[in-house]
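Heads up: the sequence lines are chains A and B, in that order. Going by our numbering, the first residue of the first sequence is number 1, and it counts up by one from there. Going by our numbering, the first residue of the second sequence is number 116, and it counts up by one from there.
Simulated from the structure, these hints should not be mistaken for laboratory data. It cannot be assumed that every hint is accurate.
[Unchecked claim] Covered by chain A, according to a simulated footprint, are these stretches of chain B (three or more residues, beta-carbon under 8 Å):
1. 154 to 163
2. 216 to 227
[Claimed, not checked] Between beta-carbon pairs, the in silico distance windows are:
3. Thr-98(A) <-> Asn-166(B): 13 to 21 Å
4. Gly-187(B) <-> Ala-72(A): 36 to 44 Å
5. Tyr-216(B) <-> Glu-29(A): 16 to 24 Å
6. Pro-40(A) <-> Ser-120(B): 13 to 21 Å
7. Arg-212(B) <-> Glu-29(A): 18 to 26 Å
8. Asn-133(B) <-> Arg-43(A): 26 to 34 Å
Glycine residues also receive a C-beta, built at the ideal position from the N, C-alpha and C atoms.
So you can see what is in the structure, the chains are spelled out below.
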Amino acid sequence: AQTVTQSQPEMSVQEAETVTLSCTYDTSESDYYLFWYKQPPSRQMILVIRQEAYKQQNATENRFSVNFQKAAKSFSLKISDSQLGDAAMYFCAYRNFTNAGKSTFGDGTTLTVKP
Amino acid sequence: DTGVSQNPRHKITKRGQNVTFRCDPISEHNRLYWYRQTLGQGPEFLTYFQNEAQLEKSRLLSDRFSAERPKGSFSTLEIQRTEQGDSAMYLCASSYRDRDYGYTFGSGTRLTVV
Chain A
1 AQTVTQSQPE
11 MSVQEAETVT
21 LSCTYDTSES
31 DYYLFWYKQP
41 PSRQMILVIR
51 QEAYKQQNAT
61 ENRFSVNFQK
71 AAKSFSLKIS
81 DSQLGDAAMY
91 FCAYRNFTNA
101 GKSTFGDGTT
111 LTVKP
Chain B
116 DTGVSQNPRH
126 KITKRGQNVT
136 FRCDPISEHN
146 RLYWYRQTLG
156 QGPEFLTYFQ
166 NEAQLEKSRL
176 LSDRFSAERP
186 KGSFSTLEIQ
196 RTEQGDSAMY
206 LCASSYRDRD
216 YGYTFGSGTR
226 LTVV
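Given the sequences, and given the hints that come with them, work out the whole structure.
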């Protein structure tokens, strides 16, 4: 069974600074997807960024980028130029390529942005 | 496109009562998922549908839980004989089958069993 581990329950960053959230996963599959989702307080979860395991190039979406290390099974999220609106809980998720049904989520990292 | 809609937003029920939640996915999405989230944890998979077919159901899901998606449109999740341990946020999400761009989530239904 696949597992996803987020080892940082809480992180904080100063506004305009950069922060990196960690995620590791365990799988025996070679093809899969990885995602980062953001869940602001009392608001719905939204997709931040996705990465296909067969792509070596790290995904980037504006201020958000990932560091995907397939051999190490590591998938960290870097937020540059942090903004107050980035404060939220961030979840890392794994999904098989062949059986694109359920996703397995980590337990999340709560990010606080200090003004 | 109004996104994924879930009703009700909040539900308080007495232990032993039955409850039903509804999810209306994005109309173009043919996959629909139900997850449960408790405080301080990530979403836990319950079940998912492709069109009207229920393709997978978590082994953690007891027989008290049932889900339907008639005609491949909206879905309902029913919990019979609720227990205090059922208290959680129930999340619905939808996605395309052939383009795996991740999920679009609804706002969730928060269930409190007293």
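Going through the hints against the structure:
Counting residues of the region 154 to 163 of chain B whose C-beta lies closer than 8 Å to any C-beta of chain A gives 7; at least three are required, and the coverage claim holds. Note: the region 216 to 227 of chain B has 8 residues with beta-carbon separation from chain A under 8 Å; the three-residue rule is met and the coverage holds. Our hint of 13 to 21 Å for Thr-98(A) and Asn-166(B) holds, since their Cβ atoms are close to 19 Å apart. At about 40 Å, the beta-carbon gap between Gly-187(B) and Ala-72(A) stays in the expected band of 36 to 44 Å.
In this structure, Tyr-216(B) and Glu-29(A) meet the distance hint of 16 to 24 Å, their C-beta atoms being roughly 19 Å apart. Between Pro-40(A) and Ser-120(B), the C-beta spacing of about 18 Å keeps the proposed range 13 to 21 Å intact. Checked against the given bound of 18 to 26 Å, the beta carbons of Arg-212(B) and Glu-29(A), roughly 19 Å apart, stay inside it. For Asn-133(B) and Arg-43(A), the hinted distance range of 26 to 34 Å is satisfied, since their beta carbons lie about 29 Å from each other.
Every hint, counting from the list given before, is met by this structure.
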